[in-house]
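Protein chains: 4
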Amino acid sequence: MKRNINVVSLTQTPIEEQQIELVERKCIGHPDSIADGVAEAVSRALCCEYETYCDAVLHHNTDQGEVVAGASIPSFGGGKIVRPIYLLLTGRATKHFEGHVIPTDAVSVEAARKYLAETLPTLNMERDVIVDCRMGDGSTDLCDVFKTCGQNLVPRANDTSFGVGHAPFSEVEQIILAMDKEITETLRPKHPMIGYDIKIMGLRNGDKMTFTIASAMVDRYCSSIDDYVNMTAVMSEKLQSVAGKYTSRKVEVAVNTADDIANNSLFLTVNGTSAEMGDDGSVGRGNRINGLITPNRPMSMEAASGKNPINHIGKIYNLLATEIAQEACMKVDGITEMYVRLLSQIGKPIDHPLVASVQIIPEKGVDFKAVSRDVEEIVNDRLSNISSITERVIKGELKTF
Amino acid sequence: MKRNINVVSLTQTPIEEQQIELVERKCIGHPDSIADGVAEAVSRALCCEYETYCDAVLHHNTDQGEVVAGASIPSFGGGKIVRPIYLLLTGRATKHFEGHVIPTDAVSVEAARKYLAETLPTLNMERDVIVDCRMGDGSTDLCDVFKTCGQNLVPRANDTSFGVGHAPFSEVEQIILAMDKEITETLRPKHPMIGYDIKIMGLRNGDKMTFTIASAMVDRYCSSIDDYVNMTAVMSEKLQSVAGKYTSRKVEVAVNTADDIANNSLFLTVNGTSAEMGDDGSVGRGNRINGLITPNRPMSMEAASGKNPINHIGKIYNLLATEIAQEACMKVDGITEMYVRLLSQIGKPIDHPLVASVQIIPEKGVDFKAVSRDVEEIVNDRLSNISSITERVIKGELKTF
Amino acid sequence: MKRNINVVSLTQTPIEEQQIELVERKCIGHPDSIADGVAEAVSRALCCEYETYCDAVLHHNTDQGEVVAGASIPSFGGGKIVRPIYLLLTGRATKHFEGHVIPTDAVSVEAARKYLAETLPTLNMERDVIVDCRMGDGSTDLCDVFKTCGQNLVPRANDTSFGVGHAPFSEVEQIILAMDKEITETLRPKHPMIGYDIKIMGLRNGDKMTFTIASAMVDRYCSSIDDYVNMTAVMSEKLQSVAGKYTSRKVEVAVNTADDIANNSLFLTVNGTSAEMGDDGSVGRGNRINGLITPNRPMSMEAASGKNPINHIGKIYNLLATEIAQEACMKVDGITEMYVRLLSQIGKPIDHPLVASVQIIPEKGVDFKAVSRDVEEIVNDRLSNISSITERVIKGELKTF
Amino acid sequence: MKRNINVVSLTQTPIEEQQIELVERKCIGHPDSIADGVAEAVSRALCCEYETYCDAVLHHNTDQGEVVAGASIPSFGGGKIVRPIYLLLTGRATKHFEGHVIPTDAVSVEAARKYLAETLPTLNMERDVIVDCRMGDGSTDLCDVFKTCGQNLVPRANDTSFGVGHAPFSEVEQIILAMDKEITETLRPKHPMIGYDIKIMGLRNGDKMTFTIASAMVDRYCSSIDDYVNMTAVMSEKLQSVAGKYTSRKVEVAVNTADDIANNSLFLTVNGTSAEMGDDGSVGRGNRINGLITPNRPMSMEAASGKNPINHIGKIYNLLATEIAQEACMKVDGITEMYVRLLSQIGKPIDHPLVASVQIIPEKGVDFKAVSRDVEEIVNDRLSNISSITERVIKGELKTF
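Residue numbers (our numbering), protein chains in the order written: chain A, 1 to 401; chain B, 1 to 401; chain C, 1 to 401; chain D, 1 to 401.
Looking at chain A on its own, in the form it has when it is part of the complex (with noise of 0.2 Å):
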């Protein structure tokens, strides 16, 4: 059955040309990024646990779940936790499956902390953190849906929905993501007291770039207000010259810069994460899963974090439109920019989607014919291998946030 793929030329104003861009990430320890994580990771171990005893990946959603913040009083030196996190599991799970009982409470609560102890090192499991679990039973309506994938037919779709995605990354989104990955992997190994609950935000106006960071301090790491204030310095410096391999635009960074130095108002923490100290979390309420939230472009509301991969249609959909577009606009010439977005029809193969709608703002000059056509094998190709989304979300291979 020839899929039904609509691709269209777009009048709109490019993004890099639009007056204001707004880009925001929360880094993997805000409390949001720990809600999806957590539940992430306990979808993944489902999926391991449900393979190795049923031969299937059985029905599940755990995109639930509250991260509620404890109480901390961080010091400089070290401070303490009073009241641990406490982290409630929810959502569903199949827990009977002809005849065998799958232990997922046990299975969630040890993938949960396990994500923790992997995530925020700083973490003492022993006393600064409470993992409960109160999930639910699998549907069974739902349960009938995933027991044909082990026939290796196609999944059908769990509802109407949609996933969108673009490419390619504006400035800002890329120097964004570029200033995550410097922090993680040079910055923080190399200044432990760079906590993990950092959050981006990106504005432009115009030419001139603004990020203003919000960075948790870890306490332990850091003996004195000189030395915070240090280290927001060191961030400032670095993270600037991060921003100029990818723009010749005029560049601010503030780490910050909300503190009341004066005040000793700082953002220091005993383990690196406000949800130690106030700030709750939730899936589903932080990035997209391309790692940002961006309000200047389509996104969808979808928590893509925790649902099960086989047929959940707002996080397939979103993942594979999100690679359709960076393939496209990797492969084919002449793209300025692309959105794409999949509408699923409940009930119905998820390789066949009731529309694959991609918008593409055309380079001036460029043959459109030609680009759509190319465009168009893309996308009824990854649509044809879509069970490549389920097997990378189950090894851990993608992002959802």
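Mixed in with the good hints there might be a few duds.
The list cannot tell twin chains apart, which means a pair is met if one copy fits it or any two copies do.
Subject to a maximum C-alpha distance of 35 Å in a straight line, what follows is the list of computed DSBU-like cross-link-like pairs (lysine-lysine) [unchecked claim]:
| # | residue 1 | residue 2 |
| --- | --- | --- |
| 1 | K331 | K208 |
| 2 | K399 | K80 |
| 3 | K399 | K95 |
| 4 | K348 | K208 |
For the record, the hints were derived by calculation from the structure and aren't laboratory data.
All of these numbers come straight from a predicted model, not from anything done at the bench.
Following the hints, complete the assembly by docking chains B, C and D onto the known chain A.
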């Protein structure tokens, strides 16, 4: 001080001319909407308590919490709840103020239960729901901000953040809101079988609109499968006719198409919400403040419901941006489409955003300068009266989801 | 089969001749009593549900759970609850039976809330208390036992355990029970200021009795410290006069002696129970099934409240042993004091204990053989009619604390 | 001030001459004992925290909390935990003191997890258990009492309450304690299959003793039903031989008699405790402070574990009364049996009880006056050194269950 208001002409295919448009609304009893509604009700109750006992609204953000699904066995004529819905209230609120203790937990639990009882009158509050509370204490730094409001000063922004709004509503957007109104004000009062958890998904593909509606049915008012099927037919017909008032395009309305009637797999519920039987809900995952999810439009990821209405940019600016766009479109001629973005600067008075950015798709041949001037005036006026947003939120006059 | 009934003469100083006697009662609103009362109410509600839908009482033991204290600010004329009491229902109950699903969680939450509303009418059920539930599923093995009872067979003992009872009640014991009755039936109806959380501690030292009473007062009915002090005086006087009806010994009654009037440190409460403001409660930590704590008497540690009334020895044998002792003392002359112990054998019919051991302190000169024969007959009769205990427990006719 | 010590001769059939004697012990891994052990570990950890940071032990009582059973699927060779045990810590502890914040929640969670890991080494702490905390704040009034102890004053009693103790232990009592020791120190180290949740019920009927032992087995160390049955035989034999060292009466030892081997209904567990699979536990429902439940003896209902060791009468007097009885029986000749009761007066120094009442069944022909004088001296000495109880409790040298 002059406000930084930036009005530009936007080159973009207007929404009605785009090939594909997708809009969604989660009605009042959808688990995510329940979470939103409770969060907002709790915030409003805290505002009243603070005003009564402290003469000021103190710091709080109750935009958190989780609706953990229960279990039920619906049955024609009336089934039963097996496991209650579990609703966890989190977030934080100032508990001590100038020697007073504010009973934030008791107030929150009461407000949540009251909201549920009023919004889902089918619920047996003694049996079908558990309202739990793990609300934290407000942070001291931010408390300061709030005291000023007793002195008629403009509060300062809590964050570097933004709000977005657009007008006018497209046909699909208008129809979805009108359908919701029809159900709430006319259909349900006449047909109590119609539940509260209704999801309306509108898809326009060129000149064809499809509205896919998933509506819970209340089993005690539904005696048989014929009764059920009949009700979906009634809804389809009535909502089709609603749509006809807003468009001359082709319209298709499908109610509960996911049902598998042959296998008795229906959206039958005891109380009219899927929260009773498997679907969790979270604050901020559903509708934006205009009541819709609009992936074709710029959206804010911010969860407005439950945020404090004094200085929380993510709440106030989203509400204000939407009101500005609506007023401008109504009062100023020559606007095809309009997008408003308000960007805050943390720590600065909220009536002076870093930039108020307005993008207008003007009608052909219009004097953009004149349009621009009139719009700027409206923006300026609205910003001057920004406290009106706060007041109306507290009174419950503004919807947040 | 003949029952193994063993009646012996006991050489022991009768309680009234011992130098020191200590007896305690935690009245209906004491946190431990609240826990007991809720546990028993939940069990009774489950029994009814099971009987209605399964024609048999299925396995359950709800003798668990925790009353976690809230926080309150009492105040003359009426204070407020700051943090609700949190009540966690645990234990286990059979949730599936021959294809039926029994809504044990919903039934339990409803029963607990109903019990609280009736027992502590001062409580604002929408604001002052959270009833949560984490009840497990019943074990399959024991379920079998319960089905037999539908076939009019005698249930088999769930454990190797025992029950104890004594009669007659000593003067101190009688007085404490009479005081409780006076408060409940006469004083509180007239003086609503008198709360529900009352602890009566009776100490007899030779011929002098001291009753130390700690009684919560309900602030909305108490306008001032004079009002409060006056009420303690009224209680002292009335309860003194109650004591006079049961003893000719010297009696002292002290109400709320721990108060430090000068420092306004009173037992003033919003709702009449310390559970609102700091004191937790647990099932089985308070009164024994005769309503008393009697360290001078043999006691069972078993928590009777919430245990299933079909085959749980710790519940049934404690109730039965007490009834046997009371009936025997009433009907058979010549008994000064009597102790009954019933020992079960796990897996054997409960009407055939391993041994029914009766110890009697006979009156001087009595024909012990005759006494013994009469008592044995009563024991035998009562064991033959053991199912009467079960029936009356389900009907709520027997107190368990 | 002279202490009120009252020593009397008791006319009573000594325990060894009574026809029926019943004694029970719930070993370390029984759900009620887990609750007790955790409660006491938490109290000790708080004592250390308070001493370190406040130079005094502040008010707390952590004698609450609930072990909510999980679910497991044991299997020969190693099964799995399906749902973790949920452990709720409640009670209350002083959180603020002279400007310091004491991290009572974090300390409590850490102490509980540490205790569980050490006591039940089979537990996978990342997967098999959830430790949650809803601990309240300490009451201000009682805090005062505790400060005095920094000034070497004797604390004042927190309540009108009492403690009881007896000596010497009967044969049955001794045997049960010896069996527990044998299992812990010799059998389990050699046979890791032997679990931690063991209930020993001893019944003496005249000169025949029956010890009914229910012992969890750890499935990973048990390869088959033969293995299992063999282990019960080994335990029976070894424990029989332990009993032989303490009595010349006839002894029967039955291990896991409730098993239905034919139906594979065994006490097989994953981790060696029934808390993993259906049995809840509560503080204060198991052993008294001498490690036993002795319905033939006077008992206190007080839950000692978790009570503060500074001024909580229910803890201190029970421990002290038992030590007094044991010392007296060891040092003073002529005592057949002895009961000690210590009664407090609320608000009075704890080394001056209202009355210290000692009942002695003297040996025939002994000079009771001399015995009485020697015993009184011991009582007086022990009361003078009452703070030794507190110190040893904090160090963990005294068992409370």
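Quick rundown of the hints versus the structure:
no., hint, result
1, K331 / K208, "both (30 Å within a copy, 33 Å between copies)"
2, K399 / K80, "both (32 Å within a copy, 31 Å between copies)"
3, K399 / K95, "within (26 Å within a copy, 39 Å between copies)"
4, K348 / K208, "between (47 Å within a copy, 20 Å between copies)"
Hint violations for this structure: none, all hints satisfied.
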